[in-house]
Every structure is written in C-alpha cells, then in structure tokens.
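Here the structure of chain P is known, so what remains is to put chain A in place on it, guided by the hints.
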Amino acid sequence: MTAFAALLLRDMRLAVRVGGGALVGVLFFLLVVTIVPFAIGPDLALLARIGPAILWLGALLASLLGLDRLIAADHEDGSLDLILAARTPLELTMATKAVAHWLTTGLPLVAATPLLGLLLNLDPTATGAVALTLAAGTPALTFIGLVGAALTVALRRGGLLLAVLILPLTIPVLIFGVAASNAAIVGPIPFGTPFTILCALTLMSAVIGPIAAAAALRQGLD
Amino acid sequence: MPLIDLANPSRFLALSGRLLPWLSAATLLAFAFGIAQVIGAPNDYQQGATAKIMYIHVPSAWLSMFIWGTMSIAALGTLVWRHPLADVAAKAAAPIGAALTLQCLVTGMLWGRPMWGTYWVWDGRLTSVLVLFLMYLGVLALWRTIEEPSRAARAVAVLTLVGAINLPIIKFSVDWWSTLHQPSSVLRLGGPAMHSSILIPLLVMALAFFLLFLTLHLGAMRNEIMRRRVRTLMLMQADAAAGR
Chain P
5 MTAFAALLLR DMRLAVRVGG GALVGVLFFL LVVTIVPFAI GPDLALLARI
55 GPAILWLGAL LASLLGLDRL IAADHEDGSL DLILAARTPL ELTMATKAVA
105 HWLTTGLPLV AATPLLGLLL NLDPTATGAV ALTLAAGTPA LTFIGLVGAA
155 LTVALRRGGL LLAVLILPLT IPVLIFGVAA SNAAIVGPIP FGTPFTILCA
205 LTLMSAVIGP IAAAAALRQG LD
Chain A
4 MPLIDLANPS RFLALSGRLL PWLSAATLLA FAFGIAQVIG APNDYQQGAT
54 AKIMYIHVPS AWLSMFIWGT MSIAALGTLV WRHPLADVAA KAAAPIGAAL
104 TLQCLVTGML WGRPMWGTYW VWDGRLTSVL VLFLMYLGVL ALWRTIEEPS
154 RAARAVAVLT LVGAINLPII KFSVDWWSTL HQPSSVLRLG GPAMHSSILI
204 PLLVMALAFF LLFLTLHLGA MRNEIMRRRV RTLMLMQADA AAGR
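Chains P and A supply the protein sequences, listed in that same order.
Residue numbers in the first sequence follow our numbering, run continuously in steps of one, and reach 226 at the last position.
Residue numbers in the second sequence follow our numbering, run continuously in steps of one, and reach 247 at the last position.
Here chain P stands alone, though its shape is the one from the complex (with noise of 0.2 Å):
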C-alpha cells in the first residue's frame, strides 16, 4: 500500500470513528438550512428565490467548522512530526488530508443537498444545479481551508481566526457557486459559464493549497 493511500484511510477511518466530526458537518448543514425560514419567515417563493445561497452559505460554514482540528489534531497527538521527517513529499501529504477531509466532509454534504433541497422548496432542476456546483466547489473549500488550518495548527483557540483568514479567500468560490446555480435555474448567461470557472477555481486551489499549507507547515513548526 502506497504512504497516500495508508494516510488516507487513516484519515477516514479517524474521521468517522467517535470524535471524528464527519457526519456532524452534514448535521450542522441542516440546521443552517433550518433556521434560515426561522429569521426570513416561512414564504416559499422567497425561500425558493434564495435558495442555492442558502445551501451554498451552508455548505461553506459546515465545511469551515471541521478545518481547525484537521492538521491540529494530528500535531497534538506527534504524528505530524513524522508525517513532517517522512520521505513522502509535504505537499502530497497535505493534498491527501485535504481529499480525506472532502470525502468525509464535503462529500456528504453534497449528497444531503436533495434533501435540503426539499426543505427549501427547491424544484428538482435547482436541486440539482445546486448539488453539482457544490460537489465542484467543496473541494475548493477544502484545499484554501487547508491553508488557514496550517496558519493556525499551533494555536489553542485558532478555529475562530481559520474562519477569518480564510473566508476573504473562499469568496470567489461562493459568488461562482451560487452564480451557477442561478444560472440553471432562471438566469439568461448558460450553466456552463460559471460553472467552468468554478472547476478552474477549484483546480487552482487543489494545486496552492497544498504547497501554501506545506510552506505555512515548515514554516510555522520550527
């Protein structure tokens, strides 16, 4: 077995065993979604109006919560010392935690959004647009989240300063988002010109992300 594969599964197995936090993010998602009629009120058409920003606010939020412990917890526990004298590259490592991370993460929240979908008087077109912007967006999330989580994976309280450095930076990925969405669903521009630029965001994440965190990593811990 490869090192990427061995820490993947590590990641995974620790991410959905007790303490992991991999379905709580799918948990907070749906009281986002929740309590959103609760401020708004419960008018559907509105509801309907907003709702892929609602999901994608959602989604975004969820995945920011999970961030703060991911490369903390293995620096607390001393196997980010050896993930750090292992042969295999810093990069690749990060870049594996970040796809671990997405798959307990993001990905469940991707396939919980037809359900929210339902909550939020979404029609199926919508529901739809709005899960493959999100299955295409999360990842984004994931990889510049990673970034903050190394800036801060020596603090003691650093999740609340994660989510502030690194909010500014997943904006671009919030407007592409819903402006696919939108744009499936009543907008005159087609699906496919955001949602392009919403896989190029997520590409150029998936390749910064992972050297940003290594350099931030090297950096940080010495």
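One thing to keep in mind: the hints can contain errors.
Unchecked claim - The following label-pair restraints were derived from C-beta to C-beta distances: (1) A:T235 <-> P:G196: 54 to 64 Å; (2) A:W84 <-> P:A204: 29 to 39 Å; (3) A:W84 <-> P:P93: 21 to 31 Å; (4) P:R91 <-> A:W84: 21 to 31 Å; (5) P:T129 <-> A:P117: 38 to 48 Å; (6) A:A28 <-> P:G82: 51 to 61 Å; (7) A:T53 <-> P:T197: 31 to 41 Å; (8) P:P93 <-> A:R234: 28 to 38 Å; (9) P:A52 <-> A:W123: 19 to 29 Å; (10) P:L48 <-> A:R234: 56 to 66 Å; (11) A:R230 <-> P:A52: 47 to 57 Å.
For the record, the hints were derived by calculation from the structure and aren't laboratory data.
Glycine residues also receive a C-beta, built at the ideal position from the N, C-alpha and C atoms.
This is chain A only, laid out in the frame that chain P set:
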C-alpha cells in the same frame, strides 16, 4: 556602503534616523503642493467640486494595492531570502495599508452617495476592495495571535502571498464586470483618458501619499525594531530573575 548593510538593524536604525526628517519634510512639501494643485484644478462639469474627493480616493486605492504588493515582496524576503528586516517591513506596512484601504472605501462611499445615490453597491471593484480590507484585517489578526515574532512572520508571509492573488482581480474587475464604478482611466492601454489639468494634480497627490507611506513605514519599522529589543530585554530580565 553596500545594500546588505541595511540588513543590520543597528545600521538601519542609524540610517533611517538620519533619513526620516528629510522624508517628513518632503511629504509635507508634496502635500502642500498637491493641495494647491487640487484647489487650482478645474471643477467637473457634471459633479462640480465634489469630484475632488477623487484626489484622495484614487491615491488611497493605488496605495492600498501597492502596499499589499510591498508586503508580498517582504514575504518573499522572509521565506526565500531570509532577510532579517523583511518581516519588520511587512509588520510595519500592514496597519498603514489597512488604514489606506479603509480611507479608500469611506471616501468612495461619501462620494457615491451624492453621485450614484447609494453608499454601497455590490459590484466587482467595491467588493474586491472590501475583500482586500478584510484580508488586511486578517493579517493584522494573525500578527497579534502568534507570540514569537519570527514564527508569526513566517505564517503571515504565507498568508500574504496567498492573498496577493486578489490584486490583479481588483485591478481588472472594473473591466471584467460591468459596473457602476468608473473603468480604468489612468493605467490602461492607450494612455490615460484624463486631461492633464486633472491628471497632474492626481499624480502629485499620489506622490504625496506615497511619500507619506514611506515616512510612516520607515518610522513604524524603527518602532518595531525597538519593540523587539524591548521584548528581548524583558525576556533576559525574566531569565535573570528566575536565576538562570
């Protein structure tokens, strides 16, 4: 004296101490000249004298992006070339950049209310400058979160470089997205679209603000070097008191 001597903090303090009064004087002169030019500049035929907010708004905008660029180069100095004063430069520049970005946003809002009828609109240029301001605040927060200065410097350096992606987005946002904000008038293919009677005061004010940044930056760097010396002395004092 080779440039590398500036990397020595004591030499830097000596040289900047000699330079600072001249820079301050130059800044004052530039502002005096600039304000005189602005007063003499013609009123806009549509907006009247209100358009003269531009002479504060545009230099602040240019400087807010320029300072993030300076911080990015300082970040490279910290991470790649291990320059001793690079992190001091980055830390000193961050509050100045944040203040100038805030000034750009506020003057823009005050200008937009009479001209466009609204304080704010979520178009490409305003949104990306707001995001730049939030990133400045994030950098300031990170500086204050990690106690040890050199570790903080390296973390902030990584964050600064990742945030530098926003700069080209801001610059070209008015061209990429149709917007309420005025498109590029100065730095564009085909030369500036402004008449020299308005362009010259603008450039003089930009120079004045740039000199202001240099003065404040140099002073802030001196303060930061002295702050670190105080910290070291306090640590040594604590060590001595603990009997080590």
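- Task: May I ask which of the numbered hints given earlier this structure violates, with the numbers listed in increasing order?
- Result: none
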